[in-house]
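Protein chains: 2
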Amino acid sequence: MIGIGLIGGSFAIDIKKHHSEAIIHGISRKEETLNKALALKLIDKKATLDDLVNADLVIVSIPVDATVKLLPIILDTISEKALVIDAGSTKEAICKAVEHHPKRRNFLACHPIAGTEKSGPKAAISGLYTGKTNIICEVEKTTFKLQEKALTLFTALGMRIRYMDAVSHDKHIAYVSHLSHISAFMLGKTVINKEKNERDIFDMAGSGFASTVRLAKSSPAMWTPIFKQNKENVIETLEEYINNLQHFKSLMEQDNFSEIFKEMESTNYIKEILNGIN
Amino acid sequence: MIGIGLIGGSFAIDIKKHHSEAIIHGISRKEETLNKALALKLIDKKATLDDLVNADLVIVSIPVDATVKLLPIILDTISEKALVIDAGSTKEAICKAVEHHPKRRNFLACHPIAGTEKSGPKAAISGLYTGKTNIICEVEKTTFKLQEKALTLFTALGMRIRYMDAVSHDKHIAYVSHLSHISAFMLGKTVINKEKNERDIFDMAGSGFASTVRLAKSSPAMWTPIFKQNKENVIETLEEYINNLQHFKSLMEQDNFSEIFKEMESTNYIKEILNGIN
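Just so you know, the sequences run in chain order U and C. According to our numbering, the residues represented by the first sequence are 1 to 278, in order. According to our numbering, the residues represented by the second sequence are 1 to 278, in order.
Next up, chain U with everything else stripped away, as it sits in the complex:
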C-alpha cells in the first residue's frame, strides 16, 4: 500500500478480510502515518520503495500529483508479475505519465467512487467499497492476467465496474464530483466570512447546511492537485455553475418568482437521478 489513508487503509481492511494470508506492507512519506497504520493494524509491516520488488499487488492511493511522479518509479521497481492499481480522482495525467513505460501493462488505472470528507489512517473503514462504482480507464493497456486479478479483487470487495476512457472520465467527473467540492468550499467560505465573529449564528444552521457544506471538510492536500490536473474541465463546470447562479440572482432581482419556481421544479428531477446513490 503506497499511501494508507482513508482509501488505502479501507482497501487494506477488506483485503485482509478476504485474504487472511496477505502480508500488507505500508509505504508513506510520513513516519507518523505508518505508525498510526501499524497501530490500527491496517498494515503488517513498514516498507520503502526498495521493497516494491517483492510485491504481488501495489495499491497507490496518494495525492494525484504524487502519483504522476511516483508511478513511473514504481513500475521501474516492481517485478514482471506485479499488478499496480491507483485510486486517483483524475485519470488523464496519470495514464499519460506511464503511457510509454515498458511496464505499462502492469498498471491498471482505477477510480473507486468511494470516500468521505475524512482523511488519514483513522478514517479507514471496512466495507467502504461495497456497492460502489469503480471506474477503470484504458483497460486494454493492462495484461489480461492482471486485469483478471484486479477484477477478482474488486468483485470480492463488492464493487461495480465501469470502463471509460481517461479523457471522458476527467470531463464527467468534473461535473459529478469536482464541482461539488468547490461549491461546498465556497459555501463554507461565504458563511464563515460573514459569520465568523458570531459563533452563535451557527446554532441556526441545520442538517441542510451541514449536508451542503460537508465536502468543505475535505483535505486541501488531496484536492489542490486534482483541481490542477483537471483544470480545463473544472473551469468549464465553474463557468456554467456561476452562470446558473447569476441567472437565478437576476430572476430574483426582476421579481420573476414564477420562473424561479420553474428552475427549482425542473431541478427536482435530481430525485430520480439520486435514487441508488448513498
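One or more of the hints may lead you astray.
As the list claims (entries may be wrong) - Here are the computed lysine to aspartate or glutamate pairs in the EDC-like style, where the Cα-Cα straight-line distance is at most 20 Å:
{"no.": "1", "chain 1": "C", "residue 1": "K196", "chain 2": "U", "residue 2": "D203"}
{"no.": "2", "chain 1": "C", "residue 1": "K231", "chain 2": "U", "residue 2": "E259"}
{"no.": "3", "chain 1": "U", "residue 1": "K171", "chain 2": "C", "residue 2": "E195"}
{"no.": "4", "chain 1": "C", "residue 1": "K103", "chain 2": "C", "residue 2": "E138"}
{"no.": "5", "chain 1": "C", "residue 1": "K171", "chain 2": "U", "residue 2": "D203"}
Bear in mind the hints are in silico, worked out from the structure with no lab data behind them. These figures come from a predicted structure and were not determined experimentally.
Starting from the structure of chain U, add chain C where the hints point.
Frame of chain U; chain C shown alone:
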C-alpha cells in the same frame, strides 16, 4: 394543525406522544392531504377555518406567503385563550402581517430549524424536533401565559430555544439556510443540463455529490415564497457566493494553486463549526 406536511405532521406525532388526550384537527387546502394525514393518523379529524374558534393551540406550517395571508384571519377567528405558532423560514414579513392585530399577543413567531428535503404528510416523523434549535422572534409581543404554554411544549419535544429579532433572523438564516438551497439547486441544474442525455454518467456520482445536491430535492412551492420574502438578504448572500466562486476560478486560471490550497485550508475550519450539527 394548519398544514400537515413534514413540519406540521411531525409536530402532530410528538404532541400525541406527550398529550394522548389531545384531539388534533387538520386543516389543508387539499382534501388529498387531509385524507393522507387521517390515514397516517397524524390528525384525528378534518376541519376548516371555522373550527378555529374551538382550538387551544393552532400550529401553522404552510408556505410563508400563505402564512402572511392567513395569519390575520386565523387571529380574527380564534378564542382569547388560544395560542397560535408558526414555523416559517422567514420571520419579518410574518411578524409584520400581524403587528397591529388586536390578537397579536396570541401569536408566537417561531422557526424550528428542523426538516429534511422531503415534504408532505408521509414525510412526517417522530423525534424530528429532538435536539433541534427553535428560534423565537419578538417573544415580548406574546402574552406571558401563552409564551409559557409554548415553551412547555417545545421543552417536551426536546427543542433548544433561542430568541432573536425578526430582522436578524432573516439576515442570518439567508446565510446558513437559504443560500445552501440555491447552491444545491444550481449545482443540480448545472449537472443535469450537462449530463441529462447521458444517464450512465450518474453512476459516477458518489455520496459527496448526493450530499451536496440533496437540498435540490426540496419543494419549490415552499421555497419560492421564502426567497421572495427574504429577497434582499438572499441576493446579498448570492453576490458574495458568486464573488467567491469567481475568485476561485481566477486563481485556477492564473495557476495559483498555492492560494487555492489556502482557500480550502482556511475553510476546513467549518469542521469545528459543524460539530454538533447533525
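- Message: Hinted pair, alpha-carbon criterion (20 Å max): K171 of chain C, D203 of chain U. Please report holds or violated.
- Response: holds, 14 Å
- Query: For the pair supplied as a hint, K196 of chain C and D203 of chain U, is the alpha-carbon distance within the 20 Å limit?
  - Reply: Measuring from Cα to Cα gives roughly 37 Å; hence the hint is violated.
- Starting from K231 of chain C, check that the Cα of E259 of chain U is at most 20 Å away, please. Answer holds: K231 of chain C to E259 of chain U is near 15 Å, not above 20 Å.
- Query: Does K171 of chain U pair with E195 of chain C here, judged by a C-alpha cut-off of 20 Å?
  - Reply: Holds, because 11 Å separates the two Cα atoms, which is no more than 20 Å.
- Restraint status (C-alpha distance of K103 of chain C to E138 of chain C at most 20 Å): holds, 14 Å
Violation of the numbered hints given earlier is confined to hint 1; every other hint is satisfied by the structure.
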